[in-house]
Structure formats: structure tokens, C-alpha cells
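Visitor: Okay, here's what each chain looks like letter by letter:
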Amino acid sequence: FSQEEEKKTDEIKDFYLKKGKGFEFHFDQDRYMFYIDFRGQFRASYPHNNFPTSEDDFSDDDINMGISRARIKFGGYVGEPGFNFYLEQDLRGGNLLDFRAQIEKLSYLKFRVGQWKARYSRERVISSGKQTGLERSLINRIFTIDRQQGVSLYGNLDGGGAANFNYWAEILTGSGRGGSVGDDDNLMYMMRLQWNPNGKELGFSGSDLEFHEKFVSSVAIAGVTNTSKYTRFSTSGGGQLYGYEPGVDGQYKVDQFLFETAFKYRGLSFDQELHYKNIDDKVNLEETLLIGNYFQVGYFFHYLFDKFPKPLEVFARQAFFDPDSNISGNNNYEYTFGLNWFFKGHKNKLTIDYSYLKFNQFKIEDNTDHMVRIQWDISIF
Amino acid sequence: FSQEEEKKTDEIKDFYLKKGKGFEFHFDQDRYMFYIDFRGQFRASYPHNNFPTSEDDFSDDDINMGISRARIKFGGYVGEPGFNFYLEQDLRGGNLLDFRAQIEKLSYLKFRVGQWKARYSRERVISSGKQTGLERSLINRIFTIDRQQGVSLYGNLDGGGAANFNYWAEILTGSGRGGSVGDDDNLMYMMRLQWNPNGKELGFSGSDLEFHEKFVSSVAIAGVTNTSKYTRFSTSGGGQLYGYEPGVDGQYKVDQFLFETAFKYRGLSFDQELHYKNIDDKVNLEETLLIGNYFQVGYFFHYLFDKFPKPLEVFARQAFFDPDSNISGNNNYEYTFGLNWFFKGHKNKLTIDYSYLKFNQFKIEDNTDHMVRIQWDISIF
Amino acid sequence: FSQEEEKKTDEIKDFYLKKGKGFEFHFDQDRYMFYIDFRGQFRASYPHNNFPTSEDDFSDDDINMGISRARIKFGGYVGEPGFNFYLEQDLRGGNLLDFRAQIEKLSYLKFRVGQWKARYSRERVISSGKQTGLERSLINRIFTIDRQQGVSLYGNLDGGGAANFNYWAEILTGSGRGGSVGDDDNLMYMMRLQWNPNGKELGFSGSDLEFHEKFVSSVAIAGVTNTSKYTRFSTSGGGQLYGYEPGVDGQYKVDQFLFETAFKYRGLSFDQELHYKNIDDKVNLEETLLIGNYFQVGYFFHYLFDKFPKPLEVFARQAFFDPDSNISGNNNYEYTFGLNWFFKGHKNKLTIDYSYLKFNQFKIEDNTDHMVRIQWDISIF
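Protein chains in written order, with the working numbering: chain V, 6 to 386; chain F, 6 to 386; chain R, 6 to 386.
If we strip away everything but chain V, and leave its shape as in the complex, we get:
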């Protein structure tokens, strides 16, 4: 009887389906795995959908409503978990976001090739479905290097206790999402070093949903250098920041540096990033230093007042952006307050936020604006 029992288990283990990282399919005694996941983000907002990027944008008031993100994700492993792949498609715009193959057999030395969000800043790396806020901060668009194609080595160096570090070294084309052609002989080089003082990784997700009894934090520095015809990168690829003309090959040498902190503790989460970005325009022979910083805190007040609903998180964010450190009085500011209601963690949540904007960059008389947004974000995983 017991023999039969075993046999049955074997047969059943040969393949199985599981709701795990999305919808998981396991093959051939778990030597192969494949999963599919979906994410939808629905948003209504007024008078903007996100921070204005030009005067016209600032003045134009629209009701926005509908799909803000529609994603399909595939991943899995081949032969063993260490040989894995991942792809993410933006269904709304029809763009391939991630497409990468990874060899992750040693925790301290992993290899990646393809296209992905460069592991530069915590705010950008955290998925838009796992953020504390409804959307990323004012400074994200300015300083992110976003998705790039290339190769990377990365890993975790654990010397025990506080001697715990993550590193990422990436060589990228520096021509943005979808760009496999470099700028002549120029490539983008990125390095990030993250210290995990509490001996364990904080992980790339916002809000202390897990209620960390023990303080867990992360302190990181990162730098990146790139020469290309672009001054900024976003999901739509390479482009120009406000005030910069369309570039030619080799026009903009951009050097960036970042100092970042974050922690989670007993329902409280904290994130901060300080960015420097130097744009050296080789055509117009102008050099500009851009500076930005943001602070964000989220807290589940339920842990302070028992009567406060458990799924409700309150968050606040302040960010400033100085588009040219040599000019004063041209800074932009963001003050955002919001609420998250977590039906099922980050998998199913409702967020509402309010932003007060003070934009001095566009040199317009009425330099303040408001923005109200409500959002429902759902995913399988």
C-alpha cells in the first residue's frame, strides 16, 4: 500500500500547477518552470495624470480615466532555478519592457543579459505595483536611467552581521528602452553599492506590510556615466528634459550620482534619495548641474491606535528639483499626501493621493497647481 502511495506521489509530482508567482506551471519533476502573470492599474485623475513637464502641460486641465498600466509577465527556469528568464510586456503601449536571461547559481556572482530597469535607484526599481505612493515622485523622471539593454554582474556579499552588501555593475548601451545600438563607441556604465546594515536585504517593495519587528534598512550609493544624444530616459525610450534640444550622437555627456536610504520598522516605512546629475553639452559647450531629493514615509496607524483600520496606510512625500544649480529661484516642489487601502497587500489595493505643486522652472505667473488621483492596482502575484 505504501509503495503504491509513493508511486502516486511521483506521478503527481511529475507536473503540477500552482498559484504562486502568478500562475505557475511545473514540468518534468520541477526541472522546468513557467509562469504567467498580469497586472492592471486603473486611475482617475484631475487635472493631470502625472507631474507636468512643460508650460502647456502645466496649464492644460483634463479629466483622465482608465488604464494607467496593463502588463503581462512571463518567467520561469530551464533545467534548474539558477537558469531563469523573465519578460514583461506593456500591453497599453505595446512595448517590450523586460527581456532578460539570468544565471543565478552563486549568490555573490550572478549574470544577466538583455533589457531591464537598470538597478540604479530604489524608487525606479520598485515595481509601480509595489510602491508606497500612487506614482513615483517628481524627481523620478529627471534622474532615472530607466530600462536599458546590456549585461550585468551582481550579487550579495555577506561577511556576517552588518557586513552585508549588494552590488550591481552594469554595462549598457545607454540608448534607452528598445535601444541595442550604442552611440558610436560610447556605452553607459553603472555601479550601485548597497549596504544592508541589519544583515539582511530590505527588498525592493514599499510599505511595511510585513510589520518588521526588527529594524531593517538599506543605505546605497550609485553612479552612472553615459554619452549619447539623450538627456533623460523613460518607458518611451531616450528623450530630452525640458529646455534641452534634440541631440546628435555624442552631444550629451551625463554623469550622475545618488545617495539613498530606506528602512522599514513596525509598520513604518521610509525612503529617501538625493540625486546629482551633470549634463555636459558638447555641442553648445554648456554644463549644467541638476539636483533633486525626495523623502517619503508611510505608516499603518493601526499599530499606534487599535481602532484605526488595519489595511489603511497613510503616506506623505516631499520632493524638490533644481534644474540648474547656478540659477536660483527655479526649483520645483512636490508635496504629496495619500492613503492606501490594502485589500490583499500589493496585489489588490486602492490608493488616493493629493499633490500640491510649486513649479518655478517654467517662469509662468501662476506657478502652483494641485493634482488629485485615485487608483486601483491589481495583479495575480
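By construction, these hints were calculated from the structure, which means they are not laboratory data. Quick caveat: nothing in here was measured; it's all calculated off a predicted structure. Wrong hints could be hidden among the right ones.
Each pair may be met inside one copy or between any two copies, as identical chains are not told apart.
To be verified - Straight-line Cα separation of at most 30 Å, DSSO-like style, residue types lysine-lysine; simulated pairs: (1) Lys352 x Lys234; (2) Lys349 x Lys23; (3) Lys23 x Lys287; (4) Lys26 x Lys349; (5) Lys115 x Lys349; (6) Lys315 x Lys349; (7) Lys258 x Lys110; (8) Lys110 x Lys349; (9) Lys363 x Lys26; (10) Lys26 x Lys115; (11) Lys258 x Lys312; (12) Lys287 x Lys110; (13) Lys110 x Lys315; (14) Lys24 x Lys368.
Given chain V, work out where chains F and R should sit, using these hints.
Guide: Relative to chain V, chains F and R alone:
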């Protein structure tokens, strides 16, 4: 022994695959379901692929052959069938068609958010793979409000017997497929009320494949109002009807009304739609009333003459479109006859149709044309 | 006990998952099958990613790095294996590549409808993941008719022994990938006849990975005629060869002929194609004959010298292209040498190649160039 039997059943029921709504995958004791479906439509036609929309189109003769529709569909539920999602991608043009999340726990009050075919007219709502005809009628392009983003409440109100109603109330951006930005403060508002006099829903599919022994019918009215820069909507988004210039924000206030009937009975199916559309051009200060109507019947003559092949349906359609009710002699007419051979219901069918066109709108001498088409439509589900 | 055993087997056979042609899902006692497969190709190259197609291209030097191909494939059968479908999507560019339904119940008469790579030349038909070389030869872009929409009859005629033939007869729109509209009344007609002298098919894949103990070869001729506004076809659709102006309907009558040989034997693989292409420009009243040929050999030296690593293949290719047979001294030449390291056959391989180019077509002084590339190609199947 019986105890073991039960155990095995449990283990097997934990997950299973089934050919149902496409390829179905059931997870975790049916608490999660995911399906994938494909549809291909292959067409050859001459001299047009569909009704001409301009003089040039009318005069140009081409052999068309190949893929007319290529679709992939994903759907499923999360936690329980009432929490479900659906997405449909047009692979041919690379467009996201449907992307929606639904809460359907109460039959009389359901909720939907995302992008979908507005539940306005029966002809448009019926999938192109479940129509009686080879393609939609002449008036569809003129009057459809097509796919939009937004939110909707809908349900069935059953008071017993003939007191059976379906309703759909939708608030949409009114900027067409892919449009999540409204037109300044303007949104689209749509309402449809459908009476099911025979106490049950007719369902959104053409041809009486099920052979309804009892007469089942549907009578509906619907209205929609929208202000935007568009005068028509199609799969490619917002656009302009023949004779209308590209618009600016707020230029076109469009009000539409529809009266629709349909029934199925012993192999016979009938569909009719009468449309009114008033376009108020706020820039040129012109108001135009457009009127259109179509009738369609399909019949399986097998039920009349035993020798007539059972899978063969004969259908006919007449449609007229008046582009301006103030001007006479400018109407367009369609007379279409066709045959369906159902290899496996709507999942696998061959259709051939012939259309005689009389178009007075374009003010050209030779105002009549013909169109012959043959089509094979196949899908998993 | 044995009765129970059978019962269990039945239940298990009702559905199952298998790593076969990608990730396979079998439904309802194998009456339905569905599979999903992925392929990634990552490449670094300098100073070109592929053969230059214009003077500017020839002079511009760029480091290229990243994704060269990203594909998702779906296929399966419905009811029985003879009724099957296949679709392939290019995720990088967002293009639908293949979308076809096939009836393959008789080996000598099969039917296909949709869009696919026309079965014209062996080099183009072999998937970019199953080639001997890192990329196709210099002449592929000139002579391929690439993907088209239409219908096809094909099959294998086996008279025993050397009397073994494959044929493909295709009627296509001749307007390239994505084109379902013909050029007025003109269509493309293609015919390929392949002789399998050794009584069995060689199959469309490069490199003798299977170590054919017996010599297996293929000799083919093919012809195609098309009138359209295009002089070449590629994954991006119809376009123009260097030196040809954008066309109008019916401008270019193109007639092509091909003679092709290939064999595999004891670790050695050989491929050759000779192409003729006559372009009759009906607008400028000019006729041009283009000629091209390529030879390619691949060999696993392990079978000659035991110490030579078994997974290592050496390959070489020579190709020439004469853009106008009436003009001398304008030929382009390619000399390519390379190495394949097969980690797991064509599913996981690393390729490096070096090309020496001598291009006389562009009439520039420095008419020689070099190209170095390294590539990793991985797929599930």
C-alpha cells in the same frame, strides 16, 4: 478503499486542465482559473475588403487575401469566479483591445473598469467571430462608439416573466480605444436598457445555432452623449467621418440614440438597429443629423426542407445610411446576401457573401459597386 | 488492483504537461494540445550589427549590444494533430511574424492559410535560432521574399528510394509581412520543388548536430513572380533595395529563380544557394538582373581529431552579390569565419564570427570593412 478513492479525487481536483473557454487551467481547488484563447479570421475579397469610406476607396480595386483578424485572449478569475479579468490583444495591428477587471457577485449590480467595447449596440457588441454575417453592416462604422476606457455598472433586473431587463450605465473618456485622457472636462456618458420579453436573455451572438424551440427576443434602447474632437470611433481609435475636418478639443458634441430589436426562433435569427446621431460642430457652428438602419435575417433551411444541409445558413441584410437628414438624394445603401457553413458552430465556419452597394454620398457618377468575399473564421472556444 | 491501476492512468492521461516543443499542455485525452515557447538572442557587435545597406551605413561605426531577437511562439492542435495552428510574435519590434492555420492530414497534400515565411529559400526558412552561422548571409536581404500572407498547398511525394520530392505552391499577396492587400489585381506566385536524393528529408536546420552516419542531401529549384511597388521584403515589410526609388502600384515586376543544394554527413554540413532576380521597372522602363550566390560549410573537428572539443563547430561562408549584371566591378563580397559552441544543441549556443566585406556597389573609396560579432541564442525548445 473508498477513503483512498476520495483522497485521489482530492489530489486530482487540486489542479486540472480542460478545453472549455479556450484552454483552461484550474488552480488550487478551483479558486483560481486562467484561460488562453486564439482566433484567426482569414479572408479573400474583391474589389474591396469592406465598405468604401471615400471616393478614392470606392474607385480603387484590389485583391485582398490573408489575415483579417488575429487575436489572442486571456481571462480568468482570482479567488472566486465573481472577481474576474479579461484581456484581448489584436496581434495583426498590435493593439490592446480589451483590458478589464470585473466584480460580478450580484446579478443585478456588477462593476467593470478598464477598456472594452461599450455595450451600446448589439451589432458591435457581438464578436466578429460570432456574427451571422461575414462582417458588420454598412452603418456600424458610422454609429458605433466602439471601445472606450472608463467604468461601468450593469446587471439584470428580473421581476419574473416578461419583467426582465438588462441595463448598462457607462462613464467613459470618449477618446476612443487607447485613450485614457478625456477632452478637457468632458466625458462620454452611455446608457442602454434592454428588455427581454421572453424572460431570458437572447445573448450576444448571431445565428440560431441552438435551434430555439421557444421564441426568444430582445428590444433595446440606448443613448450616448460625448464632446470631443472626434466624429467617429473604430479599432484604430478616434477619427473623423467622411466630410468632417480633424477636430480640436471640444469641437464636436455628438448625441446618439438607438432602437434595436432581435430574436431567434426555430433556426431563424433576426437583427435590426435604427440609429440617430446628431453632430454639433461647435467651431463651424453646424449641426447635422445622421440616420441609419439595418435589417438582417439568417435561416437554416434544413428545418424547412430536410434535404437542405444542416450546417448551411442563408443570410441577407439591408442597410441604409443618410449622412445628412437635411439633404436628400445622398443616402448610401447596402444589400448583402451570404452563406455560412458551420463546421463546428461559430468556432469553425466558412462564410461567403456578396454585397451590392449604392453610394450617393460621394457625388460620383458611377455610384454603384459590388463586393465579393470569402472568409474562414476559427477559434478554440 | 490492476483495474485500479488502469483507472489511474486514464485519469492522469486526461491532461498532462510536458517539456517538449516548448512548454506543452495536453488536454482531453490529447485531443487538444497547446504550447508556448520563447527565444532570446543577445548580440554584441562592432562596427555593424549586420551587413551595411547604404554608404552611410557603411561608414557609421557603432558598438551594438543587447537583444537582437526576442520571440514568443504559440502553437497547438485542435481535435487532432492534423488540424494545427502556429503563431510567432516579435516582441522587440512588436510585429506579428507568423499566424497560420494548417490542415495536415495527408503527407502529400497539406493546406496552409495565413502569414508565414514563404518556403522559397533554405537559408531564409531555417529559423535564425537554428542556423549554422551567427546570422544569414549577405545575399539573404536581396533575394528573400520573406513573410507574406496567402494560401499554400504543399507535401511530400515519396516514390521510394531516391524518388522523394517535396513541393510548395504558394499564392501570396506579394505585399510583405502585414500586407493583406494585394497590388491591384496582382498577386505573388511561388513554387518550390525539392529533391531528396537519399530518400529522406534533410530538414530545415543548420549544422550536423545529429552526426549523420549516412549522407543526407537536398537539391531544390524555386521560382517566384510578383508585381508590386516593392523591390525587396524583410521583417519590416516591403521596401526598396539600394538604388531603387519608392514605388507605385504595379511599378516593379520581379521574377526570381533559385538553385539550391545542401547536405549533412558525419559532422559536416554544407549549404549553397544561387539566385537570379530580374527587376522590371515599369515606370522608368529599366530592367535589371541581380545575381547572388553563397556557400557555407560547418564542421565539428572533434570527429577528425578526438581532442578537439565536441561542442565546437567551425564554419565558413563566402557570398557575392552582383546588383546589376550589365555593369562590371560593382559586386559586393562577404567572407565570414566563425565558431559555434553548442551548450545544448541549437537551444543554447554561443557563436562568434568575423566578416571581411568588400563592397563595390556604393562607389566609395574605402570599399572594405570588417565586422566582429558575438551572440548567445537560447530557447526552450
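Visitor: Give a verdict on every hint.
Guide: Hints, verified against the model:
In this homomeric assembly, Lys352 and Lys234 never come within 30 Å of each other (Cα to Cα): the closest approach is 38 Å inside a single copy and 37 Å across copies. For the identical chains of this complex, Lys349 and Lys23 are neighbours both inside a copy (18 Å) and across copies (28 Å), given an alpha-carbon limit of 30 Å. With identical chains, the CA atoms of Lys23 and Lys287 are never at most 30 Å apart, being 55 Å at best within one copy and 57 Å at best between copies. Within a single copy, Lys26 and Lys349 get their C-alpha atoms as close as 15 Å, and across copies as close as 27 Å, so both meet the 30 Å cut-off.
When the C-alpha separation of Lys115 and Lys349 is checked against a cutoff of 30 Å, the pair qualifies only between copies, where the shortest distance is 21 Å, while the shortest distance within a copy is 32 Å. For the homomeric pair Lys315 and Lys349, the shortest alpha-carbon distance inside one copy (12 Å) is at most 30 Å, but the shortest distance between copies (52 Å) is not. In this homomeric assembly, Lys258 and Lys110 never come within 30 Å of each other (Cα to Cα): the closest approach is 36 Å inside a single copy and 57 Å across copies. With identical chains, the CA atoms of Lys110 and Lys349 are at most 30 Å apart between copies only, with a shortest distance of 18 Å across copies and 32 Å within one.
Taking CA atoms no more than 30 Å apart as the test, Lys363 paired with Lys26 passes in neither setting, with 41 Å inside one copy and 52 Å between copies. Proximity of Lys26 and Lys115 under a CA criterion of 30 Å is satisfied in both settings, with 21 Å inside one chain copy and 29 Å between copies. Taking CA atoms no more than 30 Å apart as the test, Lys258 paired with Lys312 passes in neither setting, with 54 Å inside one copy and 50 Å between copies. For a Cα distance limit of 30 Å, the shortest separation of Lys287 from Lys110 qualifies neither inside one copy, at 43 Å, nor across copies, at 62 Å.
In this assembly of identical chains, the alpha carbons of Lys110 and Lys315 lie at most 30 Å apart only when taken from different copies (25 Å versus 39 Å within one copy). Neither within a single protomer nor between protomers do Lys24 and Lys368 lie at most 30 Å apart by alpha-carbon distance, with minima of 53 Å and 61 Å respectively.
Checked against the numbered hints above, the structure breaks hints 1, 3, 7, 9, 11, 12 and 14 and satisfies the rest.
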